[in-house]
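Please build the complex by placing chain D on the supplied structure of chain S, with the hints as guidance.
Protein chains in written order, with our numbering: chain S, 1 to 280; chain D, 1 to 685.
Since the hints were derived computationally from the structure, they do not count as laboratory data. Hints are supplied without guarantee of correctness; some may be wrong.
What the hints assert, rightly or not - As a list, the in silico SDA-like pairs of lysine to any residue whose alpha-carbon atoms are at most 25 Å apart:
| id | chain 1 | residue 1 | chain 2 | residue 2 |
| --- | --- | --- | --- | --- |
| 1 | D | K489 | S | L56 |
| 2 | D | K152 | D | F28 |
| 3 | D | K299 | S | N108 |
| 4 | D | K314 | S | E10 |
| 5 | S | K60 | D | K489 |
| 6 | S | K138 | D | D505 |
| 7 | D | K679 | D | A640 |
| 8 | D | K314 | D | A227 |
| 9 | S | K245 | S | G28 |
| 10 | D | K489 | S | G66 |
| 11 | D | K587 | S | N110 |
None of the values given here were measured: they were computed from a predicted structure.
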Amino acid sequence: MTEGTIFSIEEFAVFDGPGIRTAVFFKGCPLRCNWCHNPEGLERAPQVVRNPNGCLACGKCAPLLGAGKTAAEDDLCVCPRGLLRISGAAYTSGALAARLLKNADILNANGGGVTFSGGECLMQAGFLEETLERLRGKVHTAAQTSGFAEAGAFDRVIRKTDLVMFDLKVMDRALSKKYTGQYNDLILENFAALKASAAPFIARAPLIPGVTDTEENYGAILAAVKGSRALRVELLPYNKMAGGKYKLAGRKFEPMFDEGVAPRIDTGLFERNGIEASVY
Amino acid sequence: MTDRVRKIYDRLIAREYRNLRSDAEYDFAAEFAAAGLPLETRAGLRLLRLAEAERAVMFPGDRIGFLRTVKRVPPLQTAAEWETIHKTRFVFDGAQVGNISSDYEYTLNVGLETRRAEIVERLKGVQEGGKAFHLLNAMLTSIEAVYVVADKYRAAAERAGARELAAALGNVPRKGAGGFYEALVFFRILNFALWLNGNKHNTVGRFDVYMRPFYDKDIETGKLTRAAALDLLEEFFISLNFDADLYPGVQQGDNGQSLVLGGMGADGGEVFNGLSRLCLEASLELKLIDPKINLRVNKGTPDEVYRLGTELTKQGLGFPQYSNDDVVIPALTRWGYEERDARDYVVAACWEFIIPKVAMDIPNIDALNFPDIANRVIRDKLAAGGNFDEITEGVKAAITADVARIAESVKNIFVEPSPFQSVLMRDCVRDARDVSEGAKYNNYGIHGAGISNAADALAAVQRTVFEDKTAAPDELLAALDADFAGYEKLRGKLLAAPKMGDNDDCADGLGCMLADAFADACAGLKNERGGIFRPGTGTAMYYIWFSERLPATADGRKRGEPFSANYSPSLSARSKGVLSVIQSFTKPDLQRVCNGGPLTLEFHDTVFRNGEGTQKVAALVKAFIARGGHQMQLNAVSRAALLDAQKHPEKHRGLIVRVWGWSGYFNELDIAYQNHIIKRLEFTA
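For reference, chain S alone in the conformation it holds in the complex:
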């Protein structure tokens, strides 16, 4: 049985697919989006994180925090407020599926299911596939992906999940490299494959002021989605909360865009082209 690393299982994830859903966050991501609001999900290996709420700044946790460091559950008690935890737990596909199925009755009764997110869930494609197989027919599944994944794995996963939620971030090749750390060729190839497949999908666009909310980027997203089987486009406006979790993950938040500017929300562009668009 394949083992994977999960950094969070969020019950009642409200903005991650239809109905009442549990979202599973896979640890590790090949992209480094400058606006990432889930910095815990970047590193593949487990790490110690500190909830900043209520922190007394006593410094006792310093030896445990930082890149490449890890700790045993027992070591966490150095924090007098109990604010430390290990981000990244190992699960077998069987254990993860069992945990998720414990709430299957509530999920199924409310048009919901399970959403695999991250990080990048396709970075652990084998584990994801196995888990999807175990859930098939028992609960609705969705996979959220940046599309930056090996083509073979991508094809297998979209065949095994009930819904794909595909991110279209920076459509320009050079800007993609600048803001996400990777060229987007692979992403666009996988999106083309998704469109050609039978898999139901939603396109999701994070709106980052001055980066992804430009006329050019909007236009490119529309061009990519137009005429496809996309169920809808979801626009995800950047909110200032993103930076808040960096401290927790021991990282520095260095936005290359103006956080103070509200992103431009243009659902009309899609609606005029016969595509349903909603804002999250």
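Just chain D now, kept in the frame of chain S:
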């Protein structure tokens, strides 16, 4: 909100009208005692004198009115008299009648003159100078007192040119209300008078049942439009807030003005109607702490009700609170309430289920301290080398003993007579008996504080001491004695053990055991009024009071750390999430512990940022109800906003939070209650 209502609202928020109150203090007790007056007579006389002392205060545009100018309701008895009572009797919550639900339906329809005629008729067969004689006469005096205040407002309304109010007061409270507007004015008079009469926790009850005929008729005949009705209703809701600072409670806001909407009617049909919707709309627009909205739901409740309720939750008021007819009604009938009465249940000050018109239940007479019981038994049994079965058996025995002790301690109860409240009950005139002495139902309710902390402590002992054997009994006892100083690793293990709320059968099973043991302990016990003891899952303020005195406990809780409020995961439980919490907290047989006390869930306010989030919260409430949950209360809060309010209270004057069974202004709460709310939120953001 219309401009007119906006002005009234602004006046409430500015609070300057409170400067118009009189500084005069009244003290009648010495005179009453010297004259040897019976307590019933004193109560009637006190209300009359306070009514005479009241001044009518009207503002331009008022259509309902009634503002208190007398600040304090003086005691009926002298300090010496009280001393004797305290020595010989059990006194609960100041001995004032309260936390019950009046028969508004009858009173609003027939008017106080009809009530008065019934009392006069009843007096005919009564021996002069006897208890019943004094009571019935005091009822008449009380009615007279209500007329005195109403007539002052009628005159003031005439002077101010408020013709509509003057005309209404020419009819009510003497005669029954002639329409929705008059019914609102009438209710406001009764509400005003109950507070002036010294009654506590005056509940509003099934507003959309007793007000509905007036509303429907006015809408049908075209006397009122929906918009005009909303305008009146909003003024009425605001009026319930004007004098809230004078209403007694543990904290300001704890005043019991609970309003119940929807649910199964006495005849079995669904109640939720156009007026229910109007109430939700008014509450949504006003965002005030009174009245506190309760929604009754059941298997047949349409999704619309959950959706409208969630729109209200989104405002961050901490209500509506939901109660599940499918659990509560059978629970009440099992406890001996007649089916029709059970179907008519309302919510008392916080969450206790009570019956309007006919009940003098005291649903909050005391509380069982679950964590203390678990702690005592764990310590005793571990010290004696006992196994886990002996611990659970010991806990059951201790629960039985504590419930018996509570039942014994509430005997020989003294409650001050309340002739005016008695006028508003169905049977008190017929029986010539003051409501303080009992009514058709006389059951007592016992809260169950800290059930999750106790279950967690037991689960931690089971896991660490008996299963994994990673903690030796002596070490655990030493750690508890030391408040975990020097035992941080052990505390870490205790905190990592299964918790109630994780959907883990170990901790949840212990929670079920505790609930069942509580129900078993109450079963068969009778109080001195022939009523039973109803176990519940509420905490009231005991989650703070009990915890302040309790040393460190095996769930990893340190000395003095508060328990969970009501029926909720403990503060230290790092919950897996709301779905697991719902699964855990619907495992116990809640029909057996149905005195009241909700599962409380906190949601970060960003969950409500679009319609989809709101719709999903509504679905979640429905899922809890479908699984047999008895009562639920949700909060939409931002921890950051609360922290900022502690630093800059002046910027957050309107910030409302749910405390235990009621909502209050955050700024007006003691720091312990503020901090508890902030602590609850650490894992939601």
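Hints, one by one, checked against the model:
1. Proximity of K489/D to L56/S is assessed by CA-CA distance (about 19 Å); at most 25 Å being required, the pair is judged to hold.
2. Restraint check for K152/D and F28/D: satisfied, since their Cα atoms lie roughly 23 Å apart, inside the 25 Å limit.
3. Among the hinted pairs, K299/D with N108/S is consistent with the structure: their alpha-carbon atoms are about 18 Å apart, no more than 25 Å.
4. At roughly 21 Å between alpha-carbon atoms, K314/D and E10/S fall within 25 Å of each other, so this suggested pair holds.
5. The hinted pair formed by K60/S and K489/D meets the criterion: a straight-line CA distance of about 14 Å does not exceed 25 Å.
6. Straight-line distance between C-alpha atoms of K138/S and D505/D comes to about 22 Å, which keeps the hinted pair within the 25 Å bound.
7. For the suggested pair K679/D and A640/D, the alpha carbons sit about 12 Å apart, so the restraint of at most 25 Å is met.
8. Proposed proximity of K314/D and A227/D is supported: the alpha carbons are some 23 Å apart, at most 25 Å.
9. About 16 Å separates the Cα atoms of K245/S and G28/S, which keeps this hinted pair within 25 Å; it holds.
10. For the hint pairing K489/D with G66/S, the CA-to-CA distance comes to about 22 Å; that is within 25 Å, so the pair holds.
11. For the hint pairing K587/D with N110/S, the CA-to-CA distance comes to about 20 Å; that is within 25 Å, so the pair holds.
The structure shown violates none of the earlier numbered hints.
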